[in-house]
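Chemist: With the hints as constraints, model all of the structure from the sequences given.
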Amino acid sequence: MALVQNFPFISIILSLAAGPVSSVLGAKKAKWLNLLVITVIGAMSAAVLAFVVGTGESYVYTMGHFPAPWGNEIRVGVLEALMALFFCVVMLLCMLGGSRERFLELEESKENLYYVLVNLLLSSLLALIYTNDLFTAYVFVEINTISACGLIMIKQNGRTIEAATRYMIMSLLGSGLFLLGICFLYDLTGHLLMSNIQEQVRAIKAAGTYHLPLLVCVCLMSVGLAIKSALYPFHAWLPDAYGYSTLSSAAILSSLVSKGYVFLLIKIFFRVIGFGIIDDSKVIDVLFAFGIAGMIMGSVDAIREDDVRRMIAYSSVAQIGYIYVGLGLGTTTGVIASLYHILSHAATKALLFVAVSGLTDASGDSTDFFDLTGAGYRNRLAGVAFTVGSFSMVGIPLFAGFISKYLFARAAIWSDSKMLVTLVALAVSTILNAVYFMKTVIRIYTPEHPAVLKKKKFRAVTVSDQPAKSAAMVCFIILNLILGLSSEPIVHLLERGMNMFA
Amino acid sequence: MDFANLISNYEEAVAMILFGIGFSNLLLQRNLIKKIIGFNIMDTSMYLFLALKGYIEGRKAPIVTDGIQNVEAYINPIPSGLVLTGIVVSVSVTALMLSLTIRLYRRYHTLDLDKITTQLKKEGL
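Listed in order, the protein sequences are those of chains A and B.
Counting in the numbering used here, the first sequence runs without a single skipped number right up to 1636 at its last residue.
Counting in the numbering used here, the second sequence runs without a single skipped number right up to 127 at its last residue.
Everything labelled a hint here was simulated from the structure, so no lab data went into it.
Computed from a predicted structure; not experimentally measured.
Check each hint, because a few of them may be wrong.
Distance condition first, Cα-Cα at most 25 Å in a straight line; then the derived DMTMM-like pairs of lysine to aspartate or glutamate [stated by the list, open to error]:
| no. | chain 1 | residue 1 | chain 2 | residue 2 |
| --- | --- | --- | --- | --- |
| 1 | B | Lys123 | A | Glu1245 |
| 2 | B | Lys124 | A | Glu1239 |
| 3 | A | Lys1339 | B | Glu14 |
| 4 | B | Lys124 | A | Glu1439 |
| 5 | B | Lys123 | A | Asp1419 |
Modeler: And the structure:
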């Protein structure tokens, strides 16, 4: 076994170990350790990606060398390695962009605890991506939830604690249903490793027995993970959690945490149950319907919101809707569109959160829509970054969002029954997106009267005032342009990944 | 409907009823402490279900004390392991929920989540 094949396991353990170590370090050292760990794991993921692209097939890593039905396994293919690499890049940029806010908003003695949570979050995300064992997935789902809850509540005010409590309650309902689904499935098949379960599910299907229990399992797991990833109508906790937490938390939660659950759901559909059975079961039709509702309703809620950060949070509801619509189409092209949207939404939404915080810095820390008048002139880079993010969300060519919308539309054409609904919903949702994003872009480039600026004491912010945040914004813009301009190789990688995924 | 199956598997039925009770308490109760109790009932019902699935009538726990190494003598140990893992998870989640509840109670002197939300709106935070 080549050394590079150990990297997925090492990266999980590395970030898991960095958590407790950070708790005894000072804030500054913990921060550097965290950045170092994310960078090293990103580099290792890139090496793994290069390795699996080279060999052209996925490999199984047995933990402790116990053979298949007994031991715990990690399975790595192109898709997993690509996701891990991408998550590391986005997380690094989120941490970079929010470092000033963490310093200002967190209690000094608690800043190092933030890095404990981020390290744990990264390790649980990596484990969700790589694991081949259903119960391990459940345990890391819970670790993910706990650390995400900590990330929300570490900025201490009434709002964030209430938001964290609501987030926790919804998440617990979701993970309860998910665990019940796993228990039923274990009862039916007698296995916990994903590939073994699929073998048994095929045998059950061939024997024509246990039709109803299998359907119940699929429903429980889908609904559980849908609740956790804030699919409409389970999104009530989302705007508060994203809107009031500290900047890097909001960016990480919206771009990575909910995506980890979606990735696990895709894994369950393809590797645990088998997509043919899922397609027959009509469960995806329900997910499709809620996805369509989310695409429209999330945008409507965002239009009605006057707080810019909450507006962007509501837009996440719509984007999660897109991802579930892609899943609900029931074709591999639909799932590839969803996966691409996971990437483009992560890059864009994190950019928007960072850019908005740049704009509010130049507006006396107010997130009110009308206070942002002319903010694009007071912080020029943030203005450009927000415009890029908005264009990407609306789906204007050149940017990441356009490619994912194009992929969704292309996938929809192959589905007879769902084509019309998907295309109409895409069109309506694009217009609604344009309404609130373009409204904000026009607002930040409407010059404000100098007398008002003086009265409100708004001051301009330059790049040299906030080097880390500016660097993060530039990197996010570049990432967006890469996803928007050279999508061909990435889509190709996703297709190869899907082929070796099931 | 075939009620004979339900009666012969009454233990599983009890576990599922408990799950329903816990789930609806976690979802519908306003009082945070009652929510947490609901969550614990929900998780415990799952452990009952798992333990039932691992148990085989007339066999013992798989700990070799008297030198018997025959598989036929013991129950399936994997569900017991899953229950232990699940207990660890639910203990930590319960601790986190309780600490959140304490913080909210110290600030707002109530355990009712809806009242807390109303108070937050009044504060205009």
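Chemist: Hint by hint, say whether it matches the structure.
Modeler: Structure-based check of each hint:
1. Lys123/B x Glu1245/A: 28 Å, violated
2. Lys124/B x Glu1239/A: 23 Å, holds
3. Lys1339/A x Glu14/B: Status holds; Cα separation ~24 Å.
4. Lys124/B x Glu1439/A: It holds: about 18 Å lies between the C-alpha atoms, which stays within 25 Å.
5. Lys123/B x Asp1419/A: Violated, at roughly 38 Å.
When the structure is compared with the earlier hints, violations turn up for hints 1, 5 and for no others.
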